[in-house]
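Starting from the known structure of chain A, arrange chain B on it as the hints suggest.
Residue numbers (the working numbering), protein chains in the order written: chain A, 17 to 165; chain B, 3 to 262.
Check each hint, because a few of them may be wrong.
To be verified - Pair by pair, the computed Cβ-Cβ distance ranges are: (1) B:P190 <-> A:N112: 17 to 23 angstroms; (2) A:H96 <-> B:A145: 47 to 53 angstroms; (3) B:L228 <-> A:G72: 49 to 55 angstroms; (4) B:P227 <-> A:G110: 42 to 48 angstroms; (5) B:E64 <-> A:S111: 34 to 40 angstroms; (6) B:S187 <-> A:N112: 24 to 30 angstroms; (7) B:Q243 <-> A:K98: 35 to 41 angstroms; (8) A:K101 <-> B:R59: 46 to 52 angstroms; (9) A:K101 <-> B:T39: 36 to 42 angstroms; (10) A:R103 <-> B:A229: 27 to 33 angstroms; (11) B:G188 <-> A:S111: 27 to 33 angstroms; (12) A:N112 <-> B:T191: 22 to 28 angstroms.
Please keep in mind that the hints were generated in silico from the structure rather than gathered at the bench. The structure displayed is predicted, hence computed values, not measured ones. For each residue, glycine too, the CB sits at the ideal point set by N, CA and C.
Letter by letter, the chains look like this.
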Amino acid sequence: MKRAPIVIAGTVAGLVAVLEFHSTPAKVSLAGSTLPSASTGRSTTGGEAAGSATSGTRTVTGPQVNYNWGVLSVKVTVSHGKITKVRLAYLDDGSNPRSQYIDQQSIPLLEQETLHAQSANIQGVSGASYTSAGFTQSLQSALHSLGMS
Amino acid sequence: MTPPVVRDLVHVMGTVVTIDVYPLPGSGALDFAAARTVLQRADEVLSTWRPDSPVSRLRRGEIAAVDAPPELSAVLTACATARELSDGWFDPWAMPGGFDPTGYVKGWAAQRALEALAGLPVSGALVNAAGDIASLGSQLSGAPFRIGIADPDEPRRLAEIVELTACIATSGTYERGSHLIDPRSGEPTARVASASVTGPDLGLADALATALAVAGLAGLSFIEPLAGYEALVIGYDGRRQWTSNFPFAGRTGQVGSVPL
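The shape of chain A in the complex, shown without the other chains (with noise of 0.2 angstroms):
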C-alpha cells in the first residue's frame, strides 16, 4: 500500500465546522462551562508577534473553561484563512502529578489533532485525550472571536 499524499485542503471554516457543538455549550456538564470571570476571548489582530510581514496572521486566546482535571485556554493563530499554530495559553491542573502526567500526553496531543485535522486528513485519533472537551470549546471561542464561526 502506499500513503496517500498529504494534502492541504483543509479550511479555517471546515474545521469550525468539525468543532461545532451540537448541543450548547451549557449542555456540556462537568468540563464544558466557561468561567464568568473570562468568558470571551482577546482578540489581537495584524501578526501582533510576527510583524507586518505576515499581514493577515491573527492570534486570539480562546477563553478559560473548566475540563475535567483543572482549567485551560487555547491560543490560536491564523493565517491567511488557515489555522497555522495551535498552543496552550493557561493550564491549571491542581498540581496533581496524575493530572500532570496526562495534560502532558493529551494536550500535545490535541494540539496536534487540530492541525491534523486540516492538514492530514484524518477524522480522529485513537488512544485516550480526555482534554478534549475544554480544549475544543476554548479553541471554538478563540475563532468565534476572530469572526470565524
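Here is chain B on its own, set in the frame of chain A:
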C-alpha cells in the same frame, strides 16, 4: 449550508464521548437524543464511578447477576465471551475489588450509541469514547474514515494511520485510569506500550485491546483467528507487530512516527 461535520459531546463514565455525524446535503437539523440516551443509560447502569449504579452494587455483592438490569446482563454475557476469546487475558472477574467491566463497557456503550444514529440522514458517523472509536458509513465524499493511532512515546505525533471500516480501540499505559491489570497475577502490567484492535464491534475490540496490552506480543495469536478482527502492538522500543490484515492506511509498521 450543510456543515461537513456536526459534533456533539456527552460526559459519561468519567470521560468525554464525542459524536460526529456527516450530514447529507439538505438534511436539516439532526437529532442526537437517542444516542445521548444510550450513553447516559449506560453510565447510570454500568459506571463504576457511580457508587449507586447496578454494576457497583453487583461489585459489592448487594445484587446477584440474575437480578441485574438488561444492560448489565448483556455486558456480563459479552464479558464472558471476551474472556474466552482472549484466552483469559481479559477477565473482569479477576480484577482487584471485584467484577470490573470497565475495559468493555466504554466500547460497548459507544457501539450502542452509534447504532442509535443509524437512521439519520448522514453518509457516516463516528462515536469516539476517549480514543475508542465506533464508525458507520464514510465521509460525504465516500472516502473511508482515516484514524490516527497516538504514538505512545511522542504524543505530538501519530504512530500510524488506519483506514476504518468499523471500529478501533487502543489501550496503553499512558491512558488515564487504564489500570491495566494482569488477571493472572493481579498486578498492574502492560507488556507493550500500546495495543490497537480493529473490528466490527467496539465492545469486543475494547476488551481485546485491553487483553492485548497486558498479554503483549503473544496476544496477537488470539486475535489472528478471530474473523474480522485485526491488531497492532507497539513495543516499548517502538517496534510494531501486527496481524496479517491490519488496515494500515499508508506506511506500515516501521519504528518511528508517521511524518505528518
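Hints versus structure:
1. B:P190 <-> A:N112: 17 to 23 angstroms: Distance hint for P190 of chain B, N112 of chain A holds at roughly 19 angstroms.
2. A:H96 <-> B:A145: 47 to 53 angstroms: violated, 26 angstroms
3. B:L228 <-> A:G72: 49 to 55 angstroms: Given a distance of about 52 angstroms, which is inside 49 to 55 angstroms, the answer is holds.
4. B:P227 <-> A:G110: 42 to 48 angstroms: holds, 46 angstroms
5. B:E64 <-> A:S111: 34 to 40 angstroms: Given a distance of about 37 angstroms, which is inside 34 to 40 angstroms, the answer is holds.
6. B:S187 <-> A:N112: 24 to 30 angstroms: holds, 28 angstroms
7. B:Q243 <-> A:K98: 35 to 41 angstroms: At roughly 38 angstroms between Cβ atoms, K98 of chain A and Q243 of chain B fall inside 35 to 41 angstroms, so the hint holds.
8. A:K101 <-> B:R59: 46 to 52 angstroms: holds, 49 angstroms
9. A:K101 <-> B:T39: 36 to 42 angstroms: At 39 angstroms between Cβs, range holds.
10. A:R103 <-> B:A229: 27 to 33 angstroms: violated, 45 angstroms
11. B:G188 <-> A:S111: 27 to 33 angstroms: holds, 31 angstroms
12. A:N112 <-> B:T191: 22 to 28 angstroms: holds, 24 angstroms
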